Structure formats: structure tokens, C-alpha cells
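Chemist: With the hints as your guide, set chains B, C and D onto chain A.
4 protein chains.
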Amino acid sequence: MIRVTLWYENIQESGKLPKEFKPSGMGEENLVWFRQMVEDSAAKIKEVYPKGLMETLAEHLRACDNIQVTSVTMDMPEYGLPQELLENTDVLVWWAHLGHEAVPDRLVERIQRRVWMGMGLISLHSSHPSKIMCRLLGTSGTLRWRDGDFCRIWNINPAHPIAQGIPEYIDLEEEEMYGEPFDIPAPEEIVFLSWFRGGEVLRSGCTWHRGCGKIFYFQPGHETNTAYHNPYVKKIIENAVRWAAPVVWRKQIECSYIEVSPESEQKNARRDEK
Amino acid sequence: MIRVTLWYENIQESGKLPKEFKPSGMGEENLVWFRQMVEDSAAKIKEVYPKGLMETLAEHLRACDNIQVTSVTMDMPEYGLPQELLENTDVLVWWAHLGHEAVPDRLVERIQRRVWMGMGLISLHSSHPSKIMCRLLGTSGTLRWRDGDFCRIWNINPAHPIAQGIPEYIDLEEEEMYGEPFDIPAPEEIVFLSWFRGGEVLRSGCTWHRGCGKIFYFQPGHETNTAYHNPYVKKIIENAVRWAAPVVWRKQIECSYIEVSPESEQKNARRDEK
Amino acid sequence: MIRVTLWYENIQESGKLPKEFKPSGMGEENLVWFRQMVEDSAAKIKEVYPKGLMETLAEHLRACDNIQVTSVTMDMPEYGLPQELLENTDVLVWWAHLGHEAVPDRLVERIQRRVWMGMGLISLHSSHPSKIMCRLLGTSGTLRWRDGDFCRIWNINPAHPIAQGIPEYIDLEEEEMYGEPFDIPAPEEIVFLSWFRGGEVLRSGCTWHRGCGKIFYFQPGHETNTAYHNPYVKKIIENAVRWAAPVVWRKQIECSYIEVSPESEQKNARRDEK
Amino acid sequence: MIRVTLWYENIQESGKLPKEFKPSGMGEENLVWFRQMVEDSAAKIKEVYPKGLMETLAEHLRACDNIQVTSVTMDMPEYGLPQELLENTDVLVWWAHLGHEAVPDRLVERIQRRVWMGMGLISLHSSHPSKIMCRLLGTSGTLRWRDGDFCRIWNINPAHPIAQGIPEYIDLEEEEMYGEPFDIPAPEEIVFLSWFRGGEVLRSGCTWHRGCGKIFYFQPGHETNTAYHNPYVKKIIENAVRWAAPVVWRKQIECSYIEVSPESEQKNARRDEK
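Chains as they are written, first to last, in the working numbering: chain A, 1 to 274; chain B, 1 to 274; chain C, 1 to 274; chain D, 1 to 274.
By construction, these hints were calculated from the structure, which means they are not laboratory data. Hints may be right or wrong, so weigh each one.
No copy labels: a pair is met if it fits in one copy or bridges any two.
[Stated by the list, open to error] Cross-link-like lysine-lysine pairs, in silico, DSS-like; alpha carbons within 30 Å at most: (1) K44 x K131; (2) K251 x K234; (3) K235 x K267; (4) K131 x K251.
Remember, it's a predicted structure, so these values are computed and weren't measured experimentally.
The shape of chain A in the complex, shown without the other chains:
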């Protein structure tokens, strides 16, 4: 049984910007516009995802064999991710957009540590420059972006576990355009490349390892588009959850001081045998 936790920012879906929220570098007058935009988008999201964006994914995963789902949001106590839940999570699915800065560093460090120990991380769409992604990858995650465009996702690695059951390409009628250059470390594996009708491309399905944990970034999922209704997109996320499930857990994250070298140990063992 893979214990999956879906973490969702839900600022736009709720329409409620937290009182203390202040995007870095945003003046007071922009903040007014920002609050209005957030309120407006809530209505749109409800139209596209009547059950909620992350709940749509949760529903799909709940119906899958051997997957157990917990669905949380950033406005819950401890930002939705108390230590106990984190310690009972095998794969964390992360969707965030406006609230990257609001996630406290100490939580980011706890998640990073958990990945090092073996937890899988599936990072979706606008999570590309989230604190946890920047901490794990070490890059800025910057890219080109543009509003809604037609997106075709090419399956360039058909033998990869994450690509199982996926055709040669998937068409999404509208998605936020994310294009190269995408500031990420060279992926260990590229599973998908995206083509946008407006003229751009993106390494859109990428894997990395950090410590004992696996990471998969997947581009689709703008909150006012319909990607998470697409059966192939859902299948890819399911496949990614299974691929990222821990193989083994590391116990401690520290340098181990070795008093007796392997060679001395062996000599001692031989001496004792005599």
C-alpha cells in the first residue's frame, strides 16, 4: 500500500488570500489587484473542477489499487503537513502557485529530509519554482510563460514506467504555456517533451534522485484549464506515484565516523579466529 499525500495550495480555489500573505516585492496597490484576481479565479476553478482541482486527482488515485490517499491544503493547521503525516507519507504530490513564499523554511527542510530518507515527490505544474523544488534541485526553476495555449505532450521514453499506457502524444486543448529555457539540473531521465502551438517547447516530464528519494516534475495542471480531467494525465500521475514509491528508507542523515577501518576489522576478525 503506497501512502500518498496530496498537498494543495488552494489559495485561488478558496478565493481567500491569507491575511498575513504578502508576495515578495509587491506594493500595496498591486496587492489590492492581486486579492481581486484571487477572488475572481475561485469562481472559474469551481466551474472547471466542481469537486476541486486536487480532489479530482485524489478521486482518481483513491480508485487505484494499493494506493491510499490523504488530501490536505495549505490553510490547514501546520500548513496541512504536520510531522506525523509527513512521517506516514510514501509519496507527496505537491501543487502550489501563488503561495510558495508562504511555506515556512522549517517545513521545507522537513520535506527535503523526508525525500532524502526515501519519500517520493511529484511536483505539478506551477510548483516548478516552489521552495521545495529549489531546495532539492538547487536551481531557480525559471522558465518562459504565457497564458493559455494548445499543448501537445510527446512521450519520448515509451519504455519508462511513468509512460506505461500512454500513447505517442497527448493533446491538451488549453494549458498555460511553460517554455524553455527551463532552469533545472539536466534531468536524469526525460519522459515527456511538450510542444505549444504558439511556438515553444519544454522538457515537461523529468526525473531526478535526491538521497534515497525520487522526484518527478510534470508540467500540466493550470487551475483554470482541464488537464486533470484528461485520463492520460491522470494515468501519468498514477504511474509516477508507483514509480516514486520508496524502495528503502534511510534511517539517519549524518556522516558516520568509522573508528576501525574495514581492513583492520577484517584483520582483527582473523586474529580472533585463531
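Modeler: Showing chains B, C and D alone in chain A's frame:
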């Protein structure tokens, strides 16, 4: 001074299919059509490249500092690449299309060996499934293809030596479409990704190492299109030549039997000191 | 059920060098010595592996869940690997030493093609410069070597599927020394590094992909040493078989010509809808 | 001219632990012992490196063509690295040991940003778990360690620019033992592997890219050993400086919003032409 050899198949440019030529699996009636196609394309190529396709590149490289160019064709003695020339080549630029099968295995093995020793290899356009590429990469090099389409080449690795002086993207009005899935080993570095207006994408500028040698594959260059007149395409090939120039030459390609281990050698040296 | 074929050279185990056998570059007088060496080693191998070297592995794998084993040798008809058997093999385990040159190119090409289609390949010990490895990796496979030395294999990638159940390191009392520099393409993953008491190191457990197939090279297994009696070595090979089992089979190895682009296809579909 | 800044922690060399210094998780009684140890080591270091550890490297680099050296220590104002100096640094060489925690996060972030923009980073010895390395690599940097042991460094990538002029292996009579498993992301290139007489191995010369910057980690350099007197070790660091020198500088680290897609831009341009 980098000694560059440009190797060019020139079957279509000459319009003369070698008498003994017989593409694998092609029946007699297809061969008639094939000979006609080759004759026809010669006229087109001469229009696009009055000085010749490879000669257009040669001219550019000859004008570059510290580059010395030899230009050969497959219809020359020893397929244009006698051992002496190969042994005086630092970087080999390879353009081939219809004649892959005609290149003898013993020549392919000599080129492969020379790459292992340090020679750079720049493989252009339809050379993707050439014998030398398959031998060095170990894959089939297969891909999707289609006739002329608009091609936009994205520079996704702007800090790479091969991308110096190249803008964010290059537009080519018409190129043969080469699309994913492209059967190559995961490139060590991807420098360029291509977008085609018809809907496809390609990892179009890729690097690998084999032994002491470096390899760069670059997609543009269909014989009846104009890519090699594009100053950025020429600059990329020049950059690639400089990047692929050997750093060091390996002397021998064989397993070395070590009679005395480094540890014994050290002990002996100490004993001798006393 | 994973269908595993163990392919074993068995020249030394049988003590019988094939009549037509002639190692490249070996003069007549060396051939006499060579034939004697082969005869002598047969006795030693029988001592170390009374059931046979590959049979010892076969026995272990036969006892594993969901693995079905076929064990063949080079002196069988069609070099032990008729097309029908190859087409019914999911993972091929290859052990070869003196007979690399004797394996015909057409068989090597058939195996390579089968790997491209999805078959896993586990290449053991002295198979490092075998034809099939050179064809798939594109490198020479050369390394330093020396006769028997103490070997300690470090598990540097404890979260890798091939490392499951394996401790921090494994000690082998005696193994042929294989040391760096090892001429292989940079492995996609390094699972094990070997330490030799005489002073050398080796990337000794390495993975690559070629087409839809996976490749694992693993260093231990000299014919007159005992590595394949070591339970961890056997466990690693079992793990590697499971890891290399095909996820999906490619049907054809050829470039696919696309008459109608995805974009035209989509436009046509829309027009038809109206 | 490559502008190199050598940054050196110098806590042990000065023998003066900063007053406010408090290693995480260290009780009051340990702190007393710790202060004594630091004072004691100062004498030893002065013996081994009369001119200072980092000064020994600085002296070597100053004598190299086209390299300009600035040498700073952590106890200088702004931790030795004011913004102006950082903005005039092409390659930063970092040596740290006890003081990782004392480096403020805001400085670490500024260094990281500078790497993203193109600055090279050479991380030496005990800098493996420094804040800047963890931030750039995303891993913990943990490893096995033991006091002084004989260390042999194998050159496994002889064609790499960093390995030029370096023999097959280098012997260091005594070095702190750093062994696998080493928690780093799979290096893009491994240039050196270390062998320790006590039985361990390490990926000891590793490269990565982050943004437009290059990173090289190199293991030798314990403060009371003599590695930086070894001419090959010095040559490797010089080579690494040249390899890591920026090819191009990125101007801004931010996502770029594209109002007009490349395809619309092209259409507009064509319309304007008419």
C-alpha cells in the same frame, strides 16, 4: 590549429548512384525510381547550394581562426577517408543520407577507433542512423520524419560552449521534419530542442563522449533546404568543432595487464630506498 | 514470469577449444600454450563449481519466484541462441571470456535488436569487451587487469532496486582485478564501486538503457574464483534480472514516415466533425 | 583573465573560535573541548602550511597565466565576501570545515544566485556538507569518514579538461578518509575516484552544472595533511578553475512573461512586410 575533415556522401549532389549501389531491401523496380529521384535532386541541390552543400560549410570553416579544412566525398578513393587522412583529423564532420550501407564496416571501425582515441565527430542531419553513429551510440537512431516543415530551434543550454553567440531560438523556414521518439542513448547534454509547425519536437542538438572522443549530433541540413546558409547554423557547427577538438590522444586501445600492483610497487620502492 | 536465458561460453569449463577457434593476433606457438591453459583451467573450474559456473547461478535463479530459466552454452547449435529462444527471452545473462571473437556478427546484431525491442541484458565479469557489449555501448570496454586479488564491493546506491538486501559492502576473498580507467560510456547509474587490496578501484555495477532495453554490467565472476557462491552476489544478479525485465516491447525498429502531421490531422478531424 | 576568489574558513588556522560560535547540538562541556581542539590544531596547520593552507593554493594560482587571485577569510568583514567582491568573481574556491553553520543564509543565497548567473564553484575537501553545496546540489553531502589514511586518487576520465597533465593515479601519504556512500546527486561527470588503504572508495572528483555555473568537488585537503603541496593536486585545482570559468553570464534570474508568442510575432512581422 584544429584539423577538420568534412566527409560528404554527395550521391544526390552528383546525381550519380554508384553502379554497385543497392539499398538493402529495395527491389529492381524501386531501384529505377530511386535512380531517377537521385538524378532529379541533383538539380535542386545545385540551386540551393551553388557551391555544393558541404562546400558551403567548408567555406565558412575555412574563414575561421585556427581551423584547417579538408573536404572529401564518398566517391573519392577509399571512400574519401584513407587511413592517413583519418590519422590527421582532429574533428570529423559527417553528412550522409542514402549511402549509409555503402560505407564498408572496416572503415566504420577505423573511424570508431579514432574517436576512442580522441577525435571529435560532428554528425549532421540524416547521418542519425549512419553506421558510425549506430556503432558509437549503440542505438538504432530511428525517429519520425516528414517532408519540409517550418522548424524553430530552441537554445535550451545557453551556457554551453556550442550555444555561444546563438539567440534564444533560430527559425528555419523549411527543413525535413525529424521528430520524437528519437532512439538515442540519453544525451549527456542537450543543447537544442526543435519545434516543428506541424506539431512535433526533437532533441536536436545532443552530446556524448565515447572513449577520449566527443560526439555532437545536430539535426538541420536537408540537402534541398537552406539551413547551411543560416549564419547561426554555421556558427553552431563552428562552435561544435571547437568543443569537439581533442584534449588528449589515447595511444592504444587495449586492456593493460598489470603484473605488479600499485601497492606492491610502492612497497618495493620503499624497500629499495633503505 | 520473467523468462531468463543464461548464455555461457564454457570454453574453459569444457576444456575444449573449438577446432576453428583462433584468437585474433595469436601466433601458432601461442595457440599451443593457449590450448593447454584451457585444458588446465577446466579442472580448476570443476573444483570451484562442481555443478558448473553458470549452472550455479541457474540453480539460484530457478529457486526464485516468477523467474523461469533456460541455460545454454556456446557449443550448442546456433551458438546456443537460436532465433526462437531469443524471441522468448525477457532477460539475457551473458558470461563470456575467451570466445568473444567466435560469436558471429549476425547473432550479435540479432541480440542488439532484441535489446532495442525491450530485452534486458546482464553482462557478467569478462563479458566487458564482448561484441554485444561493444555494440550496445559503443566503447572498447578496455580496463586494467591483474590476477587474483581481494575485492571489496561497495554499495554506493542503497536505494537502487539492484542493491536491495545488500549490505554496505561485500568482501570477496579472491577475484580477478579489473581496474580503472574502464572505457565505458558514463553509466546512467552506478550501483557498486569495487576496491582491490592491491590498490585499484572500478565502477563495477553500472546501468544503461539502449532503446527499450536495460543493461547491467557486474564485475565479479572469474571462472576459478568463488563469487557465484556468495549469497549477496547471487542476490544482486537476481535483483538485476527483475530490474531489467521488460516494461514494454517495441514492435518495429525503423523510422516512421508521417504523411499527415499531427496539426493537419487535428484540423481534418475538426472539419469532419462539422 | 579569470578572477578567482579563494574563500577560507580559517577557524582552525587562527585557533580562534568566534565568540558567538556555537556548533548546532553541542553542549557547554563539549564546547570547552572543542575550543581547545581548535587552538591545538592551529599549531599543527602552521607546521604543515607555514604560509597558510589557502595561501599555499593562492601562491600556486597567482603564478598561473591569466588567473588573478583574491584571498579572503571568514573572519573578515561581511564574512570575507562582500557583494562587490562576489560580483567581481569568476570562480569561487571554497574551503570550510567547522564553520558551515556560521555562514549566514543570506550570503549562501547570494553565492547560489551568482553561480546560477555563471560563476564557477570549486568546493574543496570538508566543504562537502557546507551550506552552499547543500543548496546547490540539494543533497545532504553525508559520507563515511575516518582519520588519516593513505589515499590513491585514480584518474578515470583522462580526456577531461580537469585531468590534463595528471598521471594514471596520485598517491597521498595521508589524508582524512572520506568514503562511500557519499550523498550527492549522480555527478554529471566523475573525473577521479579515490582508494583508501583502509578499505574504502570515494567519487572524489565530481562535476555538476547549476544554471549557467559549473561546480567541481574535489576531496583532498585536510588541514593537517600535505595535499596542497602536491603538484598534481595543485594542477587539478588550476585545471578546475579554468574549466569552471564562465562562458556566458545570465543577466536576470526570473521567469519571463511572453505576451506575444513566437508564432504570432512571426505572423505580425510578415503582415508588416506587406
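Chemist: Each hint needs a verdict: does it hold in this structure or not?
Modeler: Hints versus structure:
In the homo-oligomer, the alpha carbons of K44 and K131 lie at most 30 Å apart inside one protomer (27 Å), although the nearest pairing across protomers, at 42 Å, exceeds that limit. Taking CA atoms no more than 30 Å apart as the test, K251 paired with K234 passes between copies only; the shortest distance there is 26 Å, against 32 Å inside one copy. For the homomeric pair K235 and K267, the shortest alpha-carbon distance between copies (26 Å) is at most 30 Å, but the shortest distance inside one copy (54 Å) is not. In the homo-oligomer, the alpha carbons of K131 and K251 lie at most 30 Å apart both inside one protomer (24 Å) and across protomers (22 Å), since each shortest distance falls under that limit.
This entry satisfies every hint, going by the numbered hints stated previously.
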